[in-house]
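2 protein chains.
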Amino acid sequence: MSNKIVAIIGGGVIGGGWAARFLLHGWHVKVYDPAADAQRKIEEVLANARASLPKLSDVSLPKEGQLTFCDNLEAAVADASWIQESVPERLDIKLATLAAIQAACSHTAIIGSSTSGFKPSELQQGAQRPAQIMVAHPFNPVYLLPLVELVPSEQTNTALLNQAKDLLTSIGMKPLHVRKEIDAHIADRLLEAVWREGLWLINDGVATTEEIDDAIRYGFGLRWAQMGLFETYRIAGGEAGMAHFIAQFGPCLHWPWSKLTDVPELTDQLVQTIADQSDAQSGQYSIRELERIRDNNLIGIMRAQKQNQWGVGELLNAHDKRLKELE
Amino acid sequence: MSNKIVAIIGGGVIGGGWAARFLLHGWHVKVYDPAADAQRKIEEVLANARASLPKLSDVSLPKEGQLTFCDNLEAAVADASWIQESVPERLDIKLATLAAIQAACSHTAIIGSSTSGFKPSELQQGAQRPAQIMVAHPFNPVYLLPLVELVPSEQTNTALLNQAKDLLTSIGMKPLHVRKEIDAHIADRLLEAVWREGLWLINDGVATTEEIDDAIRYGFGLRWAQMGLFETYRIAGGEAGMAHFIAQFGPCLHWPWSKLTDVPELTDQLVQTIADQSDAQSGQYSIRELERIRDNNLIGIMRAQKQNQWGVGELLNAHDKRLKELE
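Chains A and B, in that order, give the protein sequences. Start counting the first sequence at 2; every next residue gets the next number (the working numbering). Start counting the second sequence at 2; every next residue gets the next number (the working numbering).
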């Protein structure tokens, strides 16, 4: 199958986001969702996507594909070369849906699951053709955020996985091949850790939702929009290097700095692994160069919010006003 | 004291960043750091700051203050109305430094500590005038990131705390008053949780530093540059509301979605507290309005990186090229 027909099974916020991203990249989209308000919800997500996604691009997007709401799952999947399952996060529902999909779809179609938690091998239990199934976990809003965690199991067909990478790239996404299947993949494990600690902070009366959000968006959230955790620390480590930084940071791991206290042992080998991986990631840049890249990105990211009078943008505008008064 | 003289005690990356931010806002800066290369390091941070901070503003910054390197701590702090301590993160060193500062500084000066971990009450142990001391914890790069966690203890003078808030605001920062002192304050507790989970992912061979960074910066990192954790989930919860979202998300807390498994109990009361706090934070916006604000911010944040050919910007440019070829 290599036509541009995608079937969206489950049309909530995530399914709707997938539908919008494919549609605006010229794919024909067939939606199946038995909920009474599915069509309204998808149209709303689509309106958001039409108003925003084209602004990311300096060239025109392809002519929009055709959107069809189907009365049954079979009609939606029959001719599709990509089938994206976004039904509720319960394994029994997922398995029944995948079985129905495989009973009606092309044997060469890609079947992606939007699951945030299940491993592909769990989704393949009892499947007619497990090789067709993989996790393709996107992030809300799907029509704007590029990340898709693409997780195969040992049974997933590698050629199909590579085809999936190409297709996702062609609709502007960033497929991240998760090489080892694990509950909740990669990003949601990090999110879950923050979520748990955030709940403790509220539970213990240390901070409110707003204070926690501000602690993120005026600080490390700005860093993470352009470099992640390790790249940021690579720079913080400066000339002394990543291994030095980790060795220095190491002891805190055993301090009660979070309520989450199961901690990997920082063996020399683990420290070296991290330092090597960090070198492979950006050893081609000097720390000075990385600082300049970071600073230019931070300026762009913060300036972009001035126009919207939001968060750091609101702060910068108020500061401008104050500076002007002092002139 | 209300002159514009600040003493920077400890001139590493953090002290240097403070020096640069004050200096570029017209303050005279007196630095004391016994390290041989302190002056070179501060000059380097300052060069970065001069090349970037003015770009955040649409009006001119004040005339730069005067930078002085002092031979001893006493000379640096004598006339200062703000003294910022950024010495290494060891309590004995911090306490000795604070004692030396208090022996030589004005009784009405603000003494801020850049500590990322210690509580203000720990720093006040044995102090001559504990009321003068508070935590003022910034984020790297200090000359660009606005967040400062401002943490008083019960002994900290409230008028001085309020004065500190005003002064930080006047140099373009966002003081976040941490109302309850706690090890590592707020932001670093969240960072520590992610750091620990990230180390597990590397330790277990699930992901490399680069894969973890990509999972952040192509996905939730983009969200967190403008809204934090809870605001993002408020939107994800959609029309059903925050309490519904948490109740739905709740069960995952007990699934093995992270290696960090100490979990607060999601009582009805905690759920309601979170929902109420979220309403107080942004109940004035409808979910549709928040979606539009989020989308506009995401577009700005991602577009800002196109120019720098970095991360999501590189991806978007490659996608433009591909779209152009298809035209």
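Misleading hints may appear alongside valid ones.
Unchecked claim - Result set (DSSO-like, lysine-lysine): computed pairs, CA atoms no more than 30 Å apart in a straight line:
id : chain 1 : residue 1 : chain 2 : residue 2
1  : B       : Lys307    : B       : Lys56
2  : B       : Lys120    : A       : Lys56
3  : A       : Lys64     : B       : Lys307
Because the hints were derived from the structure by calculation, they are not lab data. None of these values were measured; they are calculated from a predicted model.
Next item on the list: Please name the hints from earlier in the document that this structure breaks, with their numbers sorted from lowest to highest.
Entry: Result: hint 2 breaks, nothing else.
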